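Asker: So the chains spell out like this:
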Amino acid sequence: MATTEKMSKTTTPTHWDADIPVNYVYTYGLAGEAFFRAIKDRGTFLGTRCDACDITYVPPKAYCDRCLEALDKYIDVGTVGYVDTFTVSFKNMDGSEKPRPRILAMIKIEGTDGGIIHYLDGISIEEVALGLPVQAIFKPKAQRKGGIEDIIGFGPVKR
Amino acid sequence: MIKRVAIVGIGTTGFRPITPDVSYRELIFEAARKAYTDAGIEPSEIGGFITAAEDFLEGYSICDEYCPDQIGAVLKPTQTIPGDFIQALATGYMMIMTGAFKTVAIEAHSKASNVKNIDELMGFAFDPVYNRPLRETPHAIAGLEMTRYMFETCTSAEQCARVVVKNKGNAMRNPYAAFGADIAEKDVLNSDPISLPLHRLDIAPHADGAVVAVLADGETALALSETPIWIEGLGWCTDTPTLEMRDWGEAAYARLAAEMAYKMAGIANPAGMIDFAEINDEYSFKELQHMEALKLCRPGEAGHLLESGATSYAGDIPINVSGGALGVGHLFEASGAHKILELVEQLRGEAGARQIPDVNIGLAQVWRGVPTATGAVAILSNM
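If you're matching them up, the sequences are chains V and L in order.
Under my numbering, the first residue of the first sequence is numbered 1, with each subsequent residue one higher.
Under my numbering, the first residue of the second sequence is numbered 1, with each subsequent residue one higher.
These are computed hints drawn from the structure, not numbers from a lab.
Worth double-checking, as some hints may not be accurate.
[Unchecked claim] Here are the simulated EDC-like cross-link-like pairs (lysine to aspartate or glutamate), alpha carbons at most 20 Å apart as the crow flies: (1) V:Lys-91 - L:Asp-192; (2) L:Lys-116 - V:Asp-17; (3) L:Lys-116 - V:Asp-19; (4) V:Lys-139 - V:Asp-150; (5) V:Lys-98 - L:Asp-192; (6) V:Lys-9 - L:Asp-21; (7) V:Lys-91 - L:Glu-120; (8) V:Lys-9 - V:Asp-94; (9) L:Lys-116 - V:Asp-94; (10) V:Lys-9 - L:Asp-119; (11) V:Lys-9 - L:Glu-26; (12) L:Lys-116 - V:Glu-97; (13) L:Lys-186 - L:Glu-158; (14) L:Lys-102 - L:Glu-45.
Treat the numbers as computed from the prediction; the structure is a model and nothing was measured.
Construct the entire structure; sequences and hints are all you get.
Answerer: Here is the structure:
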């Protein structure tokens with residue numbers, strides 16, 4: 001079909017609508033299994049450590065991505081960390097507005113080289129700052145399923 | 001004689017927000033025809049072909065199989081690189097350096113307007129177990145990077161907004177660009193908050209378009225072209241995909257790719273040697289972060305250099321005189337293709353209203369976008 005007028009929509013000319021009806025299962029693997037089991041059963045985070053490279057991985061990896069040694073010693077790194085960086089997220093995946101903006105943060109877990117990307121909970125936009133100490137808040141044990149959503153977010157550190 | 005590789009032909013469709021009149025293959029066909037005409041070569045004479053494309057953006061499984069037709073590569077040595085055009089350029093360079101190929105054609109395109117929910121697609125690039133369940137947009141990851149970068153370098157939101165003003169302004173002189181505009185910093189800072197500190201206008205909008213380039217070995221290049229544009233340096237690298245283990249403030253992937261390219265090109269003092277650069281600005285702050293990673297200035301200096309006018313069209317080191325991704329459009333795997341196109345036109349002296357006078361060495365740098373940490377650098381010269 002020839003086009004004789006200016007088009008402003010991709011659906012103006014003849015076209016075919018399509019989607020990709022494919023579903024997946026992503027197994028956690030050894031390190032992921034250990035990490036989420038510790039969250040679910042004990043409400044704490046695990047990491048793995050490469051002494052040779054002086055790196056503590058959180059979430060844990062079953063290998064050091066620098067020297068490629070196998071890592072199988074899991075250490076409890078606790079649930080306290082600090083805000084390494086943050087953003088105030090306004091949009092849903094479909095471009096619509098979130099009911100309220102949410103603070104997404106990279107939480108560096110104390111004494112490690114890694115951490116968790118999750119929401120801040122009970123901390124306002126005015127209060128948030130880089131370096132702010134925070135602590136993980138988990139769902140009640142009975143509601144945990146062994147996934148990243150077992151974490152409600154990170155809030156002020158309880159002393 | 002030291003063996004060299006040159007770009008002897010280049011063709012493009014230009015870049016537009018949507019291209020509903022043609023299929024992606026017809027888009028590529030147009031760029032290929034123009035490139036082969038520019039090089040003075042028939043596709044039957046070309047030794048090998050490479051397309052830079054990625055299945056999910058194409059909406060095809062094994063999209064490689066759909067690449068040969070429209071570039072004249074049917075029943076020829078052809079392959080697809082699931083990366084940026086500059087990564088494909090590096091492969092083409094190496095193919096010619098083996099001596100097995102005298103000419104190689106490289107293609108990249110974007111038909112982003114074919115994807116109805118592109119944020120969802122980019123979100124599918126996140127780790128499915130640790131990150132995807134949060135259902136955050138890719139822009140949120142860029143927002144995390146921006147906060148940390150601004151903190152570490154004392155860069156202001158106004159400086160980031162000024163990148164947008166500069167690049168959209170530059171794009172007004174570029175007939176290929178889709179998003180040229182005359183705006184002010186306050187327009188950027190007052191635009192819709194997406195993932196603060198990122199506003200709507202800090203983010204490069206998607207565009208469609210295709211580019212094809214023809215590479216040749218030195219001898220063939222001198223026979224084919226009066227203005228061969230030589231590939232002097234190439235580098236590429238990828239950081240860990242684990243977001244939680246990343247350095248959020250620094251673009252290490254760009255620094256290391258640049259070091260590789262500078263070493264190959266014999267450039268010890270990039271700020272003094274590079275005449276102009278096309279660098280990734282898919283998000284406003286990325287231009288500043290990448291300038292520092294490329295050692296065009298020291299960490300924390302990029303915003304001040306921008307404010308001094310040094311990186312503007314008439315400055316000492318023009319950055320993104322084409323308009324960059326903010327002005328031309330975000331082209332996915334064709335991002336590097338657009339940058340190489342700009343370098344070639346500038347170095348040939350064919351850049352029209354945006355021609356920078358007396359340029360000999362240009363640098364192109366790409367990043368594969370959120371959530372990747374892949375970067376590539378190419379250095380071209382006309383000498």
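Asker: Each hint needs a verdict: does it hold in this structure or not?
Answerer: Hint check:
As the CA atoms of Lys-91 (chain V) and Asp-192 (chain L) are separated by approximately 10 Å, the hinted pair is consistent with the 20 Å bound. In summary, the hint linking Lys-116 (chain L) to Asp-17 (chain V) is supported, as the alpha carbons are separated by about 10 Å, within the 20 Å threshold. Of the supplied pair hints, the one linking Lys-116 (chain L) and Asp-19 (chain V) holds, its CA atoms being roughly 10 Å apart against a limit of 20 Å. A C-alpha spacing of about 6 Å is found between Lys-139 (chain V) and Asp-150 (chain V), which places the hinted pair at or below 20 Å, so the restraint holds.
Restraint check: the Cα-Cα separation between Lys-98 (chain V) and Asp-192 (chain L) comes to about 13 Å, which is no more than 20 Å; the hinted pair holds. Our distance criterion of 20 Å between C-alpha atoms is met by Lys-9 (chain V) and Asp-21 (chain L), whose separation comes to about 10 Å. With a CA separation close to 12 Å, the supplied pair Lys-91 (chain V) and Glu-120 (chain L) stays within the 20 Å bound. The suggested pairing of Lys-9 (chain V) with Asp-94 (chain V) holds, with an alpha-carbon distance near 18 Å, which does not exceed 20 Å.
Proposed proximity of Lys-116 (chain L) and Asp-94 (chain V) is supported: the alpha carbons are some 10 Å apart, at most 20 Å. The hinted pair formed by Lys-9 (chain V) and Asp-119 (chain L) meets the criterion: a straight-line CA distance of about 19 Å does not exceed 20 Å. Between Lys-9 (chain V) and Glu-26 (chain L) the alpha-carbon distance is near 18 Å, which keeps this suggested pair within the 20 Å criterion. With a C-alpha separation of about 18 Å, the suggested pair Lys-116 (chain L) and Glu-97 (chain V) falls inside the 20 Å cut-off, and the hint holds.
Annotation: proposed proximity of Lys-186 (chain L) to Glu-158 (chain L) holds, straight-line Cα distance about 8 Å (limit 20 Å). A distance of roughly 9 Å separates the Cα atoms of Lys-102 (chain L) and Glu-45 (chain L); the hinted pair therefore holds under the 20 Å criterion.
Consistency with the previously given hints is maintained throughout, with no hint failing.
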